[in-house]
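Colleague: Input sequences plus hints: build the corresponding full structure.
Protein chains in written order, with the numbering used here: chain A, 1 to 114; chain B, 1001 to 1113.
In case anyone wonders, no lab produced these hints; they're calculated from the structure.
One or more of the hints may lead you astray.
[Claimed, not checked] Covered stretches of chain B, going by a simulated chain A footprint (3 or more residues, C-beta under 8 Å):
hint	region
1	1011 to 1022
2	1030 to 1043
3	1078 to 1085
[Said to hold, decoys possible] For the chain A half of the interface with chain B, some residues (derived, Cβ under 8 Å), not all of them:
hint	residue
4	11
5	12
6	32
7	90
8	96
9	99
[Stated by the list, open to error] So these bits of chain A aren't anywhere near chain B, every CB distance computed over 10 Å:
hint	residue
10	13
11	17
12	26
13	46
14	69
15	70
16	79
17	94
18	104
19	111
20	113
21	114
Bear in mind that the values here come from a model prediction, so they are computed numbers and not experimental data.
Every residue, glycine too, gets a C-beta built ideally from N, C-alpha and C.
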Amino acid sequence: AQSVSQHNHHVILSEAASLELGCNYSYGGTVNLFWYVQYPGQHLQLLLKYFSGDPLVKGIKGFEAEFIKSKFSFNLRKPSVQWSDTAEYFCAVNAENQGGKLIFGQGTELSVKP
Amino acid sequence: EAGVTQSPTHLIKTRGQQATLRCSPISGHTSVYWYQQALGLGLQFLLWYDEGEERNRGNFPPRFSGRQFPNYSSELNVNALELEDSALYLCASSQLRGTDTQYFGPGTRLTVL
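Modeller: Okay, structure coming up:
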């Protein structure tokens, strides 16, 4: 069965530190990849997405992610985090034969210390 | 442009009752998806409606059902509520069916006592 794994459950960083959140998926076919963010008290928002083309995609608020097909990975990065990046981050995958289903990772809670 | 809206924000029910949750998609979006975000279980796919038809359902019992109306809004019904149905229920919509980007609403927090 298709699954998504996020490596870290809780990450704590100081402001200006660099961020990398890991995401691996298990599916051999063509996939669409997403990162969503849930800020405290807010709803799930799209950070960035990859459908095809350049494997390095840029999203909102300075985030980027790289799709590495051979590693089934879609890691999220940000060169310098801010206190306002404190949130929960979800990696998600869907595929054509999955009937609209987004498969989510378990989420990574990011805490940024001012 | 208005995003996905859901009502009510909170819903408190007792075991055995029925709950009805509502969702209005982004204007122009025809697909609506429902997810359950339960503590410790993450985000689980429940149902997908497109053009008024149920297109797919996740691994949930039949007491979870819903429908999509001609204006593309949707309703999720949960019958015979159980304590473990307590969760945040999220609705999402997309412009194209299936693999298009899904945009989420704020959710309905269902508490079953």
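Colleague: Each hint: holds or not?
Modeller: Each hint, compared with the structure:
1. Counting residues of the region 1011 to 1022 of chain B whose C-beta sits closer than 8 Å to any C-beta of chain A gives 0, which falls short of three, so the coverage hint is violated.
2. For the region 1030 to 1043 of chain B, the proposed coverage by chain A is satisfied: 5 residues have a C-beta within less than 8 Å of a C-beta in that chain, meeting the threshold of three.
3. Check result for the region 1078 to 1085 of chain B against chain A: violated, 0 residues qualifying (beta carbon to beta carbon below 8 Å, three or more required).
4. Below 8 Å, beta-carbon pairs count as interface contacts, and residue 11 of chain A has none with chain B, the closest being about 17 Å; its hint is therefore violated.
5. At a threshold of 8 Å, the smallest CB-CB gap from residue 12 of chain A to chain B is about 21 Å, leaving the interface hint violated.
6. Evaluation of the residue 32 of chain A hint against chain B yields a held restraint, the C-beta minimum of about 5 Å falling below 8 Å.
7. For residue 90 of chain A, the shortest C-beta to C-beta distance to chain B is roughly 7 Å, which falls under 8 Å, so the interface hint holds.
8. Hint on residue 96 of chain A holds. Least Cβ distance to chain B is approximately 6 Å, under the 8 Å limit.
9. Hint on residue 99 of chain A holds. Least Cβ distance to chain B is approximately 3 Å, under the 8 Å limit.
10. Residue-level check passed: residue 13 of chain A sits 23 Å from the nearest beta carbon of chain B, beyond 10 Å.
11. Under the 10 Å C-beta cut-off, the non-interface status given to residue 17 of chain A relative to chain B holds; the minimum distance is some 26 Å.
12. Non-interface status of residue 26 of chain A relative to chain B is upheld: no Cβ of that chain comes within 10 Å, the nearest being about 16 Å off.
13. Not every beta carbon of chain B lies more than 10 Å from that of residue 46 of chain A, the smallest distance being close to 6 Å; the non-interface claim is violated.
14. Even its closest Cβ contact with chain B, about 17 Å, leaves residue 69 of chain A beyond 10 Å, as expected for a residue assigned away from the interface.
15. The beta carbon of residue 70 of chain A sits about 22 Å from the closest Cβ of chain B, which is more than 10 Å, so the claim that it is off the interface holds.
16. Under the 10 Å C-beta cut-off, the non-interface status given to residue 79 of chain A relative to chain B holds; the minimum distance is some 25 Å.
17. A beta-carbon of chain B comes within 10 Å of the beta-carbon of residue 94 of chain A; the shortest separation is about 5 Å.
18. With a least beta-carbon separation of about 4 Å from chain B, residue 104 of chain A fails to lie farther than 10 Å from that chain, contradicting its non-interface assignment.
19. Against chain B, the non-interface label of residue 111 of chain A holds: every CB pair exceeds 10 Å, the least being about 19 Å.
20. Distance check on residue 113 of chain A: its Cβ is at least 26 Å (rounded) from any Cβ of chain B, clearing the 10 Å threshold; non-interface status holds.
21. Residue-level check passed: residue 114 of chain A sits 27 Å from the nearest beta carbon of chain B, beyond 10 Å.
Taken one by one, the earlier hints fail for this structure at numbers 1, 3, 4, 5, 13, 17, 18, listed in ascending order.
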